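The opening position of the sequence shown corresponds to residue 126 in this note's numbering, with each subsequent residue numbered one higher.
Rather than coming from a laboratory, the hints here were simulated on the basis of the structure.
Under the rule of at most 25 angstroms between Cα atoms (straight-line distance), these lysine-lysine pairs were calculated in the BS3-like manner:
(1) Lys182 to Lys171
(2) Lys344 to Lys297
(3) Lys325 to Lys182
(4) Lys171 to Lys146
(5) Lys198 to Lys143
(6) Lys198 to Lys146
(7) Lys143 to Lys171
(8) Lys325 to Lys248
(9) Lys344 to Lys248
(10) Lys198 to Lys182
(11) Lys182 to Lys344
(12) Lys248 to Lys182
(13) Lys171 to Lys198
(14) Lys325 to Lys344
Computed from a predicted structure; not experimentally measured.
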Amino acid sequence: MYEGDVLAGNWRRPGKGKIPKVPAEQDLVVEDADSGFCGAVVACDKEAVTLEDRFGKRRLFPLAPAAFLLDGKPVTLVRPTAAPAGPRRSASGSIAVEGLRARVARESRIYVEGVHDAALVEKIWGHDLRVEGVVVEYLEGVNDLPAIVAEFDPGPGRKLGVLVDHLVPGSKESRIAAEITSPDVLVVGHPFVDIWQAVKPSVLRIPAWPDVPRGVPWKEGVIAALGWRLEPADAWRRILGAVSTYTDLEPELLGRVEELIDFVTEAP
126 MYEGDVLAGN
136 WRRPGKGKIP
146 KVPAEQDLVV
156 EDADSGFCGA
166 VVACDKEAVT
176 LEDRFGKRRL
186 FPLAPAAFLL
196 DGKPVTLVRP
206 TAAPAGPRRS
216 ASGSIAVEGL
226 RARVARESRI
236 YVEGVHDAAL
246 VEKIWGHDLR
256 VEGVVVEYLE
266 GVNDLPAIVA
276 EFDPGPGRKL
286 GVLVDHLVPG
296 SKESRIAAEI
306 TSPDVLVVGH
316 PFVDIWQAVK
326 PSVLRIPAWP
336 DVPRGVPWKE
346 GVIAALGWRL
356 EPADAWRRIL
366 GAVSTYTDLE
376 PELLGRVEEL
386 IDFVTEAP
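Please work from the sequences and hints to get the whole structure.
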(Lines of atoms letter the chains of each structure in order from A; the text may use other names.)
(Lines give C-alpha, C1' and ligand atoms only; values in the text may rest on other atoms or scores of the structure.)
Protein backbone atom coordinates (compact mmCIF):
# COMPACT_ATOMS: atom_id res chain seq x y z
CA MET A 126 0.00 0.00 0.00
CA TYR A 127 2.88 2.39 0.85
CA GLU A 128 6.21 2.78 -0.88
CA GLY A 129 9.01 2.42 1.64
CA ASP A 130 8.90 2.89 5.41
CA VAL A 131 6.59 5.78 6.35
CA LEU A 132 8.58 6.26 9.59
CA ALA A 133 11.96 6.36 7.87
CA GLY A 134 13.99 9.57 7.76
CA ASN A 135 14.24 12.39 10.23
CA TRP A 136 10.71 13.65 10.89
CA ARG A 137 12.10 16.54 12.92
CA ARG A 138 14.24 17.70 10.00
CA PRO A 139 12.06 17.84 6.83
CA GLY A 140 13.68 18.34 3.46
CA LYS A 141 15.64 21.43 2.62
CA GLY A 142 13.54 24.26 1.27
CA LYS A 143 10.49 23.36 3.34
CA ILE A 144 11.75 24.90 6.56
CA PRO A 145 10.99 28.56 7.37
CA LYS A 146 13.91 30.82 8.22
CA VAL A 147 13.41 32.79 11.44
CA PRO A 148 15.65 35.66 12.65
CA ALA A 149 17.25 34.79 16.00
CA GLU A 150 15.94 37.90 17.71
CA GLN A 151 16.74 38.59 21.37
CA ASP A 152 14.46 36.63 23.77
CA LEU A 153 13.03 34.35 21.05
CA VAL A 154 12.37 31.00 22.77
CA VAL A 155 13.31 27.89 20.77
CA GLU A 156 14.31 24.27 21.37
CA ASP A 157 17.41 22.59 19.98
CA ALA A 158 16.00 19.69 17.93
CA ASP A 159 18.80 17.27 18.78
CA SER A 160 19.37 17.81 22.51
CA GLY A 161 15.96 19.12 23.57
CA PHE A 162 17.60 22.12 25.27
CA CYS A 163 15.03 24.92 25.39
CA GLY A 164 15.91 28.54 25.99
CA ALA A 165 15.73 32.16 24.93
CA VAL A 166 18.14 33.73 22.46
CA VAL A 167 20.66 35.92 24.28
CA ALA A 168 23.29 36.29 21.52
CA CYS A 169 23.76 35.44 17.86
CA ASP A 170 26.55 35.78 15.34
CA LYS A 171 26.99 34.55 11.77
CA GLU A 172 27.79 30.99 12.85
CA ALA A 173 26.10 30.25 16.18
CA VAL A 174 23.35 31.22 18.60
CA THR A 175 23.45 31.25 22.41
CA LEU A 176 20.37 30.06 24.30
CA GLU A 177 19.67 30.56 28.01
CA ASP A 178 17.19 28.31 29.82
CA ARG A 179 14.95 29.30 32.73
CA PHE A 180 17.64 28.30 35.24
CA GLY A 181 20.18 30.70 33.73
CA LYS A 182 22.22 27.95 32.00
CA ARG A 183 23.60 28.94 28.60
CA ARG A 184 24.59 26.78 25.63
CA LEU A 185 25.99 27.58 22.20
CA PHE A 186 24.49 25.96 19.08
CA PRO A 187 25.53 26.21 15.41
CA LEU A 188 23.08 27.83 12.99
CA ALA A 189 22.45 24.59 11.10
CA PRO A 190 19.44 24.12 8.77
CA ALA A 191 16.29 22.95 10.58
CA ALA A 192 18.23 22.69 13.84
CA PHE A 193 15.57 24.21 16.10
CA LEU A 194 11.91 23.88 17.00
CA LEU A 195 9.69 26.94 17.35
CA ASP A 196 6.27 26.16 18.83
CA GLY A 197 7.03 22.52 18.09
CA LYS A 198 7.77 23.08 14.38
CA PRO A 199 11.21 22.89 12.75
CA VAL A 200 12.83 26.19 11.79
CA THR A 201 16.18 27.42 10.58
CA LEU A 202 17.51 30.24 12.72
CA VAL A 203 19.36 33.00 10.89
CA ARG A 204 21.29 35.98 12.12
CA PRO A 205 19.00 39.02 12.42
CA THR A 206 19.58 41.81 9.93
CA ALA A 207 21.13 44.91 11.41
CA ALA A 208 18.74 47.67 12.40
CA PRO A 209 18.90 50.87 10.32
CA ALA A 210 21.59 53.22 11.51
CA GLY A 211 20.41 56.10 13.68
CA PRO A 212 21.45 58.09 16.75
CA ARG A 213 23.09 55.78 19.26
CA ARG A 214 21.17 55.57 22.52
CA SER A 215 22.56 55.19 26.00
CA ALA A 216 21.20 52.54 28.36
CA SER A 217 18.84 55.16 29.81
CA GLY A 218 17.33 55.86 26.38
CA SER A 219 18.98 59.25 25.95
CA ILE A 220 20.95 60.11 22.80
CA ALA A 221 24.55 59.09 23.47
CA VAL A 222 27.26 61.73 23.24
CA GLU A 223 29.96 60.36 20.95
CA GLY A 224 33.58 60.81 22.02
CA LEU A 225 32.42 61.84 25.47
CA ARG A 226 34.93 63.28 27.90
CA ALA A 227 33.43 63.33 31.37
CA ARG A 228 32.54 66.79 32.58
CA VAL A 229 34.32 68.12 35.66
CA ALA A 230 32.23 66.98 38.62
CA ARG A 231 29.67 69.39 40.01
CA GLU A 232 29.48 70.16 43.69
CA SER A 233 25.97 68.72 43.64
CA ARG A 234 25.66 65.01 44.37
CA ILE A 235 23.23 62.10 44.30
CA TYR A 236 23.26 59.73 47.28
CA VAL A 237 21.80 56.22 47.16
CA GLU A 238 21.41 53.73 49.98
CA GLY A 239 23.86 50.99 49.07
CA VAL A 240 26.44 49.64 46.66
CA HIS A 241 23.82 47.67 44.70
CA ASP A 242 21.78 50.84 44.16
CA ALA A 243 24.90 52.67 42.98
CA ALA A 244 25.84 49.85 40.58
CA LEU A 245 22.38 49.80 38.99
CA VAL A 246 22.27 53.59 38.61
CA GLU A 247 25.73 53.54 37.05
CA LYS A 248 24.81 50.79 34.59
CA ILE A 249 21.72 52.59 33.26
CA TRP A 250 22.47 56.29 33.82
CA GLY A 251 26.28 56.30 33.91
CA HIS A 252 26.61 57.97 30.50
CA ASP A 253 24.12 60.70 31.39
CA LEU A 254 25.79 61.34 34.74
CA ARG A 255 29.20 61.79 33.11
CA VAL A 256 27.69 64.18 30.56
CA GLU A 257 26.25 66.24 33.42
CA GLY A 258 29.22 65.88 35.77
CA VAL A 259 27.18 64.30 38.58
CA VAL A 260 28.79 61.92 41.08
CA VAL A 261 26.75 59.17 42.76
CA GLU A 262 27.76 58.02 46.26
CA TYR A 263 26.23 55.41 48.55
CA LEU A 264 25.29 55.78 52.20
CA GLU A 265 25.02 52.22 53.56
CA GLY A 266 21.53 53.02 54.84
CA VAL A 267 19.57 56.17 55.67
CA ASN A 268 19.40 56.01 59.48
CA ASP A 269 21.87 58.89 59.77
CA LEU A 270 20.50 60.87 56.82
CA PRO A 271 19.84 64.16 58.73
CA ALA A 272 23.44 64.25 59.97
CA ILE A 273 24.75 63.33 56.51
CA VAL A 274 22.76 66.15 54.93
CA ALA A 275 24.02 68.64 57.53
CA GLU A 276 27.61 67.57 56.87
CA PHE A 277 27.10 67.96 53.10
CA ASP A 278 26.03 71.57 53.72
CA PRO A 279 23.66 71.99 50.74
CA GLY A 280 22.92 75.35 49.15
CA PRO A 281 22.25 76.98 45.77
CA GLY A 282 24.67 75.41 43.30
CA ARG A 283 25.42 72.63 45.79
CA LYS A 284 22.31 70.47 45.72
CA LEU A 285 21.83 67.01 47.10
CA GLY A 286 19.49 64.36 45.74
CA VAL A 287 18.80 61.23 47.78
CA LEU A 288 17.25 57.97 46.56
CA VAL A 289 15.67 55.92 49.36
CA ASP A 290 14.49 52.30 49.31
CA HIS A 291 11.01 51.43 50.58
CA LEU A 292 9.84 55.04 50.82
CA VAL A 293 6.17 54.32 51.55
CA PRO A 294 3.74 55.97 54.03
CA GLY A 295 4.33 54.88 57.61
CA SER A 296 7.74 53.33 57.00
CA LYS A 297 10.86 54.15 58.99
CA GLU A 298 12.35 55.58 55.82
CA SER A 299 9.43 57.99 55.34
CA ARG A 300 9.83 59.32 58.89
CA ILE A 301 13.55 59.94 58.36
CA ALA A 302 12.93 61.62 54.98
CA ALA A 303 10.37 63.95 56.59
CA GLU A 304 13.15 65.41 58.79
CA ILE A 305 14.87 66.88 55.72
CA THR A 306 13.47 70.34 54.99
CA SER A 307 16.20 72.11 53.01
CA PRO A 308 15.01 73.44 49.62
CA ASP A 309 18.38 72.37 48.20
CA VAL A 310 17.81 68.73 49.09
CA LEU A 311 15.39 66.41 47.30
CA VAL A 312 14.62 63.04 48.90
CA VAL A 313 12.65 60.65 46.70
CA GLY A 314 12.18 56.93 46.85
CA HIS A 315 10.71 53.81 45.35
CA PRO A 316 8.31 51.37 47.03
CA PHE A 317 10.54 48.29 46.79
CA VAL A 318 11.99 46.64 49.88
CA ASP A 319 15.32 46.38 48.06
CA ILE A 320 16.70 47.68 44.78
CA TRP A 321 16.66 44.08 43.47
CA GLN A 322 12.88 44.38 43.10
CA ALA A 323 13.28 47.34 40.74
CA VAL A 324 14.42 44.84 38.09
CA LYS A 325 11.44 43.44 36.22
CA PRO A 326 10.88 39.73 37.04
CA SER A 327 10.55 38.94 33.33
CA VAL A 328 14.17 40.02 32.79
CA LEU A 329 15.23 37.18 35.11
CA ARG A 330 12.57 34.82 33.71
CA ILE A 331 10.82 34.48 37.05
CA PRO A 332 7.05 34.98 37.48
CA ALA A 333 7.41 37.50 40.32
CA TRP A 334 9.65 38.55 43.18
CA PRO A 335 8.72 36.23 46.06
CA ASP A 336 7.21 37.41 49.33
CA VAL A 337 9.61 36.99 52.23
CA PRO A 338 8.18 36.38 55.73
CA ARG A 339 8.89 38.94 58.44
CA GLY A 340 11.99 38.11 60.42
CA VAL A 341 13.77 36.49 57.45
CA PRO A 342 16.62 38.50 55.87
CA TRP A 343 15.12 39.69 52.60
CA LYS A 344 17.91 38.83 50.16
CA GLU A 345 18.50 35.39 51.67
CA GLY A 346 14.74 34.75 51.68
CA VAL A 347 14.46 35.66 48.00
CA ILE A 348 17.39 33.43 47.05
CA ALA A 349 15.89 30.48 48.95
CA ALA A 350 12.42 30.98 47.46
CA LEU A 351 13.83 31.11 43.91
CA GLY A 352 15.93 27.99 44.50
CA TRP A 353 19.16 29.77 43.63
CA ARG A 354 22.20 28.12 45.18
CA LEU A 355 24.07 31.40 45.39
CA GLU A 356 25.47 33.81 47.92
CA PRO A 357 23.81 37.27 47.89
CA ALA A 358 26.79 38.83 46.09
CA ASP A 359 26.61 36.20 43.34
CA ALA A 360 22.84 36.55 43.10
CA TRP A 361 23.24 40.29 42.61
CA ARG A 362 25.79 39.72 39.85
CA ARG A 363 23.23 37.51 38.10
CA ILE A 364 20.53 40.18 38.48
CA LEU A 365 22.71 43.08 37.38
CA GLY A 366 24.07 41.05 34.47
CA ALA A 367 20.55 40.56 33.14
CA VAL A 368 19.92 44.32 32.99
CA SER A 369 20.97 46.17 29.85
CA THR A 370 18.56 49.08 29.30
CA TYR A 371 16.01 51.20 31.13
CA THR A 372 13.24 48.96 29.80
CA ASP A 373 14.49 46.23 32.17
CA LEU A 374 13.57 48.36 35.20
CA GLU A 375 10.26 49.20 36.85
CA PRO A 376 8.89 52.71 36.13
CA GLU A 377 8.73 53.48 39.88
CA LEU A 378 12.54 53.59 39.88
CA LEU A 379 13.03 55.17 36.46
CA GLY A 380 10.99 58.24 37.27
CA ARG A 381 12.68 58.86 40.59
CA VAL A 382 16.23 58.70 39.23
CA GLU A 383 15.36 61.01 36.34
CA GLU A 384 13.80 63.39 38.86
CA LEU A 385 16.99 63.45 40.93
CA ILE A 386 19.22 64.07 37.91
CA ASP A 387 17.02 66.99 36.83
CA PHE A 388 17.05 68.43 40.35
CA VAL A 389 20.81 68.41 40.87
CA THR A 390 21.57 69.74 37.37
CA GLU A 391 19.06 72.59 37.20
CA ALA A 392 20.49 76.09 37.30
CA PRO A 393 20.46 77.81 40.73
